[in-house]
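Q: Turn these sequences into a full structure, and let the hints steer you where they fit.
Protein chains: 2
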Amino acid sequence: MSKQEGGCCEPLSESPLEEDQAAELASMFKALGDPVRLRLLSMIASRPDGEICVCELTPAFELSQPTISHHLKQLRQAGLVDSDRRGTWVYYRLRPETTARLAAVLSSAGNRQPADVA
Amino acid sequence: MSKQEGGCCEPLSESPLEEDQAAELASMFKALGDPVRLRLLSMIASRPDGEICVCELTPAFELSQPTISHHLKQLRQAGLVDSDRRGTWVYYRLRPETTARLAAVLSSAGNRQPADVA
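Respectively, the protein sequence lines represent chains S and R. Mapping of the first sequence onto the working numbering: residues 52 to 169, in sequence order. Mapping of the second sequence onto the working numbering: residues 52 to 169, in sequence order.
For the record, the hints were derived by calculation from the structure and aren't laboratory data. Mixed in with the good hints, there may be bad ones.
In silico DSBU-like cross-links for lysine-lysine, where the CA-CA straight-line distance does not exceed 35 Å [claimed, not checked]: (1) S:Lys124 with R:Lys124; (2) S:Lys81 with R:Lys81; (3) R:Lys81 with R:Lys124; (4) R:Lys124 with S:Lys81.
If you're wondering where the values come from, they're calculated on a predicted model, not measured in any experiment.
A: Quick look at the structure:
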C-alpha cells in the first residue's frame, strides 16, 4: 500500500519507470488487455447503482460460467474490481481508484507536446 | 479511422462496450501489459525533445536487440509510438493521441461515484 501511495501516479512522461513500478502497472494493464475483460469491466462500471450481479454478467457472453469467473478473478486480482457474496450470488463493483491511477499515468504521457520544446 | 473518430473515447462508465470497440481497446492495453514495453514507452515519453534513438533504448535493458525491437514493434502496431529511420538509426516518439484516448476511457470509468445515486 505504501508503494501505491508513494508511487501512485507518476506520469510516463515524467521520467523512465523503475522496474518494480513497471511490473506493477503492467499487471494492471495486462488485465485490461482482453476484450472479454474490458466488456465485463464496462458492464460493471456503467451500472447506475455501482454494482452488478454475476448472474447478469454471464448471460451476456457466449462463454461458460467458469470462463467468466476466471476473467472476473483476473480483474479482481489486478485491483480493478471488488466483489462480495450476498446469498447465492457474487456482486461486482468498480474500484475507481485503480482506473483513475492508470488514467493519470497515461494522460500525463499524452500531455507533453514535443513541438513546444522543438 | 472513422471508427476511431466516431467511437474515440466512450468512457467505460458510459455504457457496456461493443465487441469491436472492446477488441480494439484491448489490443492497445495488451501492448501496455508488459513491464519492458511500459519502461520503453516511459523512456520514449519522457524525452525532453520528444524522441529517442533505438541506440539509447537497447543498452538500458539486459535483453537482446531483437527482443527490444520486437517490443517496440508491438508498441508501434498498437499505435502507441511512431518511428522513423534516419541514417543508421531508428528514432521513436510517443503518439500522445493514443495514450490520451486510453486515459479518457479509464478516467471516465473512475468518475462515477456510486454513493451519488445510492
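Q: Give a verdict on every hint.
A: Hint check:
1. S:Lys124 with R:Lys124: Distance of about 30 Å is within 35 Å: holds.
2. S:Lys81 with R:Lys81: Judged against 35 Å, a Cα distance of about 5 Å means the pair holds.
3. R:Lys81 with R:Lys124: Holds, at roughly 13 Å.
4. R:Lys124 with S:Lys81: Judged against 35 Å, a Cα distance of about 18 Å means the pair holds.
Violated hints for the displayed structure: none, as all numbered hints are satisfied.
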